[in-house]
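**Student:** Chain by chain, the residues run as shown.
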Amino acid sequence: MSNLSDFDSPKRPWLTAFIPILVILLAAGLYWVLTSGDSHDDGNGLNSTPSNTGDKLSSGKSYYVYASEIELYPTNNEGKAWDTGDGGPDIKYHIKWLGNEIFESTVKDNSLLANWSGLQIDLKWSDLLGKTISPNEAIQAARLRYDDKGYNEMIIEDSDVAKDDAAGNLTIDLKTLRIGKNERGYAKDSQNSVRRTVVTVLPIDSTIEDLAQFMRE
Amino acid sequence: MTKLLILASSVLLGIGLVAPTMTIHPKAGEFSWLVEIIDPQSMVPITYSIIGIIIELAQIKDWFLVAVLSIFSILFPISKLYIFWVAASDQNNKGKFLTIYKVINKLGKFSMAEVFVLSLLLISLKTLPGGTEVNLEFGCMIYFLSVIFSILSSFQIKKSDDRIVQ
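Those protein sequence lines, which keep their order, are chains A and B. Quick note on numbering: the numbering used here labels position 77 of the first sequence as 77, and the sequence is numbered without any gaps. Quick note on numbering: the numbering used here labels position 59 of the second sequence as 59, and the sequence is numbered without any gaps.
Bear in mind the hints are in silico, worked out from the structure with no lab data behind them. Idealized CB from N, CA, C, for every residue including glycine. Treat the hints with care, since some could be wrong.
[Said to hold, decoys possible] Cβ-to-Cβ under 8 Å is the rule here; a few derived chain A residues that face chain B:
1) Thr-16
2) Pro-20
3) Ile-21
4) Leu-26
5) Ala-28
6) Tyr-73
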């Protein structure tokens with residue numbers, strides 16, 4: 001049996017029992033305050049700009065080149081509507097290098113402002129049973145090698161059933177390109193209806209993080 | 001001694017609730033590289049605390065899991081420490097002691113309930129497809145230490161209770 005008297009015991013034990021609850025809250029609060037400064041650093045570096053953004057292209061190295069954005073003027077080279085009725089142009093582009101067509105984009109229907117992510121996978125129902133896709137298959141871009149005197153041509157068209165209408169034929173001096181997005185504006189004339197292009201250049205040996213950074217639409 | 005154990009358990013519980021408990025490393029199997037390109041944010045490893053998990057579940061309105069985790073990971077351990085403190089403070093009133101003794105006996109059966117809930121959660125995440133990995137962080141160890149300290153304090157209280165009840 002206990003020999004303790006009632007005099008020794010706390011008068012309001014239920015009240016003093018809040019001590020552990022206070023300790024829990026204090027410990028949690030203190031930890032929170034001490035560590036909250038680190039919460040924004042996720043340490044994966046994905047939000048940082050890749051180190052090679054804006055770098056010049058290196059001679060002899062291979063690159064992915066694609067138009068991530070093309071904007072056309074509201075009328076075609078003849079100053080007329082792109083399509084009969086209210087339909088906008090169905091934009092597509094080709095890339096030529098050393099006189100050879102090396103890439104053709106998909107068509108973006110009824111749009112004056114077309115975007116391409118540089119990534120596309122065509123899956124059929126039968127592929128659901130099992131298909132292996134390599135990054136090279138999925139990346140929709142021209143592959144070319146850089147040299148100081150090199151250039152490529154970007155032929156932009158309004159895709160039509162009968163005959164594709166030319167929107168512009170742009171010659172891009174490779175020397176003027178930088179790794180990443182290269183934006184340019186163009187004046188309208190009888191040969192050109194392209195208002196603006198954004199050409200993306202990525203080294204073929206880019207890390208997956210760099211590709212991820214650039215290829216998101 | 002008992003109160004020291006309860007206080008230690010309280011400090012560890014407080015830290016264990018807000019410290020990183022687990023890190024999920026998302027993977028999408030063969031298509032991991034593709035998801036990294038299309039949606040890199042979804043492939044970033046995420047670290048959760050127990051409170052963080054509950055907040056996340058509340059945001060997706062999974063109220064059942066919010067309730068289960070809140071009860072077994074927060075409310076139950078806090079209530080247990082509260083009762084233990086009362087028991088450790090009020091050892092003179094025999095009538096009250098018998099009640100507390102019964103409560104502690106019942107609580108003892110659930111003393112590993114929170115560990116069980118966490119284990120279930122980990123197992124469910126471990127079986128996610130695509131090779132997604134879950135790594136335990138130090139917060140989990142602190143939380144488990146808190147549970148162990150509370151078990152030790154319950155033993156101490158039971159020992160005192162048994163002496164008084166006899």
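**Student:** Could you tell me which of the hints above the structure violates, numbers in ascending order?
**Tutor:** 6
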